[in-house]
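Student: Using the sequences and the hints given, assemble the complete structure.
Going line by line, the protein sequences match chains A and B.
By our numbering, the letter at position 35 of the first sequence is numbered 35, and the numbering carries on one by one without gaps.
By our numbering, the letter at position 299 of the second sequence is numbered 299, and the numbering carries on one by one without gaps.
Treat the hints as calculated values from the structure; they're not laboratory data.
A quick note: this is a predicted structure, and the numbers were derived from the prediction, not measured.
Please note that the accuracy of each hint is not assured.
Pairs of lysine to aspartate or glutamate residues, derived as EDC-like cross-links and limited to a Cα-Cα distance of at most 16 Å, are as follows [said to hold, decoys possible]: (1) A:Lys249 - B:Glu332; (2) B:Lys337 - A:Asp262; (3) A:Lys258 - B:Glu176; (4) A:Lys150 - B:Glu206; (5) B:Lys337 - A:Glu153; (6) A:Lys249 - B:Asp322; (7) B:Lys190 - B:Glu69; (8) B:Lys299 - A:Asp257.
Listed below are the residues making up each chain.
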Amino acid sequence: MTYNSIVLVKQVPDTANIFGEVMKPDGTVNRAKLPTIFNPEDKVALELALQVRDQYGGKVTAVTMGPPKAAELLKECLYMGADDVVLVTDRKFAGADTLATSYVLNKVIEKIGNFDIIFAGRQAIDGDTAQVGPQTAEKLGLPQITYTEKILELNDGHIRVQRLIDGGHEILLSTLPVLLTVVKEASVPRPFSAKRVMAYKNYIPPQLTTEDLDVDIERCGLNGSPTKVHNIESVILSAGDHEIIEPTKEGLGKLIDKLMNDHIFG
Amino acid sequence: MKKSSHEVWVYIEKKHNNIADVSLELLSKGRKLADKLDGILKAVIIGDNLEAMAKQTFDYGAKEAIVVEHVDLKDYKTMPYSRILSELVKKHQPRIVLFGATFVGRDIAPRVASNTLSGLTADCTDLQISDVTYMKKEYPKLLLQIRPAFGGNIVATIITPNNPVQMATVREGVMEMSPLDKPVEGKITKVPYQAEELDKLIQIIERYQEKCKVDLKCSPIIVAGGYGMGSKENFKLLQELADLIGGKVAGSRAAVDAGFIEHERQVGQTGLTVRPKLYIAAGISGAIQHRAGMDESNKIIAINTDPDAPIFGVCHYKIIGDAMKIIPALIEAYKNKLK
Numbered sequence: 001m002t003y004n005s006i007v008l009v010k011q012v013p014d015t016a017n018i019f020g021e022v023m024k025p026d027g028t029v030n031r032a033k034l035p036t037i038f039n040p041e042d043k044v045a046l047e048l049a050l051q052v053r054d055q056y057g058g059k060v061t062a063v064t065m066g067p068p069k070a071a072e073l074l075k076e077c078l079y080m081g082a083d084d085v086v087l088v089t090d091r092k093f094a095g096a097d098t099l100a101t102s103y104v105l106n107k108v109i110e111k112i113g114n115f116d117i118i119f120a121g122r123q124a125i126d127g128d129t130a131q132v133g134p135q136t137a138e139k140l141g142l143p144q145i146t147y148t149e150k151i152l153e154l155n156d157g158h159i160r161v162q163r164l165i166d167g168g169h170e171i172l173l174s175t176l177p178v179l180l181t182v183v184k185e186a187s188v189p190r191p192f193s194a195k196r197v198m199a200y201k202n203y204i205p206p207q208l209t210t211e212d213l214d215v216d217i218e219r220c221g222l223n224g225s226p227t228k229v230h231n232i233e234s235v236i237l238s239a240g241d242h243e244i245i246e247p248t249k250e251g252l253g254k255l256i257d258k259l260m261n262d263h264i265f266g
Numbered sequence: 001m002k003k004s005s006h007e008v009w010v011y012i013e014k015k016h017n018n019i020a021d022v023s024l025e026l027l028s029k030g031r032k033l034a035d036k037l038d039g040i041l042k043a044v045i046i047g048d049n050l051e052a053m054a055k056q057t058f059d060y061g062a063k064e065a066i067v068v069e070h071v072d073l074k075d076y077k078t079m080p081y082s083r084i085l086s087e088l089v090k091k092h093q094p095r096i097v098l099f100g101a102t103f104v105g106r107d108i109a110p111r112v113a114s115n116t117l118s119g120l121t122a123d124c125t126d127l128q129i130s131d132v133t134y135m136k137k138e139y140p141k142l143l144l145q146i147r148p149a150f151g152g153n154i155v156a157t158i159i160t161p162n163n164p165v166q167m168a169t170v171r172e173g174v175m176e177m178s179p180l181d182k183p184v185e186g187k188i189t190k191v192p193y194q195a196e197e198l199d200k201l202i203q204i205i206e207r208y209q210e211k212c213k214v215d216l217k218c219s220p221i222i223v224a225g226g227y228g229m230g231s232k233e234n235f236k237l238l239q240e241l242a243d244l245i246g247g248k249v250a251g252s253r254a255a256v257d258a259g260f261i262e263h264e265r266q267v268g269q270t271g272l273t274v275r276p277k278l279y280i281a282a283g284i285s286g287a288i289q290h291r292a293g294m295d296e297s298n299k300i301i302a303i304n305t306d307p308d309a310p311i312f313g314v315c316h317y318k319i320i321g322d323a324m325k326i327i328p329a330l331i332e333a334y335k336n337k338l339k
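Tutor: Okay, structure coming up:
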């Protein structure tokens, strides 16, 4: 039996390289001005999908929603081995929070259809919310397994997955289709294939816009986002975040008190 | 905008048949938010045998505990837990719902938000109630959801101006836990559980939390040493500290390469990724590869002689000095507290 996967990927700002001028006045980020990378856990999600295909057969389709520039990311998916890619892009999708994003992704996934597993990274490094995966699963009415560490077995319409839980692991058996979100330790993404880089270097990924999708515009982008950015303050790195503990008997004693108060030990 | 309620709900998470600390912290914060809204605090608990836990929420100011009990609900499962909570939220339209930003909270909250079309903000570091002017409109008593974003480069204040329900998750240890001197007279409201087909799509085959206690990945405390520890002999000091505070010893790649510690205990990109409650980094400079394996730890203490060591960029407590002197001093300080 073969299994088809859809992988949700995102191009994210390299959060180690953010400066004030990339913020727009409305508080959202001007992504076009940032150095961008393949969200690390999404890349691991794609790797898992490719492993499933390599072992069982089927097809891997990578999907991203973002500005036209996100086509670069989809080319990287092709270089790694994805069979198909879809770029979901429209100005009307801009400014979406996780709810509006999941609304559009669910419409895209319905349109693509014919899937057994949806893969996504646990979270993206720009927001660290870990919300889009579960919110999309809910909209699709699918079961979900978050914090996936390992796919143990695929068999006759079922999948056995090991996931992280607080202080341990659990093994779940799910029916298909299912949505999995993947943690970074699940696998190491394969390098690009030189042959595929040559083949897809000038490829232009197909696009889906509001016109191709059965979407209610009021539920997309900033309009469809219940959460709004009210205010943004820049943080000066390396100055504020930590507390300096004096290496004296008194200083260390106070540190122990703090950790005891926080129930970390004692 | 629909007329909104003044209820603040806290989703109560269980840990070893008790209420998880993070939920008690959220009840403490939720009580203050409810006061500002002139509203009331309610706890929602799903599981089995919940009487004692429901009563405990009254110690923290919950006026009502909404309890859904059934033997099939003993362990957390995305379904049916999220379905049950979504139904309760839709029916009662609380103004605010708070969750721990835990494995469970981050699994259930987005599903409930998606189902009820509510705004949800992850990993808030502060929550306040304030009147807000947004896009030239006045919104009385909104929940300000304050959180870091973009890898900690900015702090954003998020609001949910136009929806009846505002949801947020908060990490453990962020809010203060403050029980009342005198518990409130709360009531327990039991809601029956009705199973649905969807609830059975996923089964738990195995769960091993216990076994994991010997495993570095699951240890709540990790004492890690780097090349700066100087020798294999010196790692014994780390072991002594770890034994004392209930932790495990780990090392950076440089320490492993130098033969100070075995490869199985290497933390970092080419080793293990860990998320303990406490990570002590002694004599570790903090190369990006190492930080990638530990920067999600709840609290990080970094000890290094170099005040500009990159490890200090991800730590919560910075100690400048020689680990060989500071570790014994820490051991001493801890022993003194136990006396």
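Student: Between the alpha carbons of B:Lys299 and A:Asp257, is the straight-line distance 16 Å or under?
Tutor: Holds, at about 14 Å.
Student: Checking one constraint from the list: CA of B:Lys190 to CA of B:Glu69, max 16 Å. Satisfied?
Tutor: holds (8 Å)
Student: Please work out if A:Lys258 and B:Glu176 have their alpha carbons no farther apart than 16 Å.
Tutor: Judged against 16 Å, a Cα distance of about 12 Å means the pair holds.
Student: Would you mind confirming whether the straight-line C-alpha gap from A:Lys249 to B:Glu332 stays at or under 16 Å?
Tutor: OK: A:Lys249 and B:Glu332 at ~9 Å, within 16 Å.
Student: Does the alpha-carbon distance linking B:Lys337 and A:Asp262 stay inside the 16 Å limit?
Tutor: holds (15 Å)
Student: Need the status of pair B:Lys337, A:Glu153: alpha-carbon distance at most 16 Å?
Tutor: violated (50 Å)
Student: If you draw a straight line from the CA of A:Lys249 to the CA of B:Asp322, is it 16 Å or shorter?
Tutor: holds (14 Å)
Student: Quickly compare the C-alpha distance for A:Lys150 and B:Glu206 to 16 Å and report which way the hint goes.
Tutor: Within the cut-off at roughly 14 Å; holds.
Going through the hint list in order, the structure does not satisfy hint 5, though it satisfies all others.
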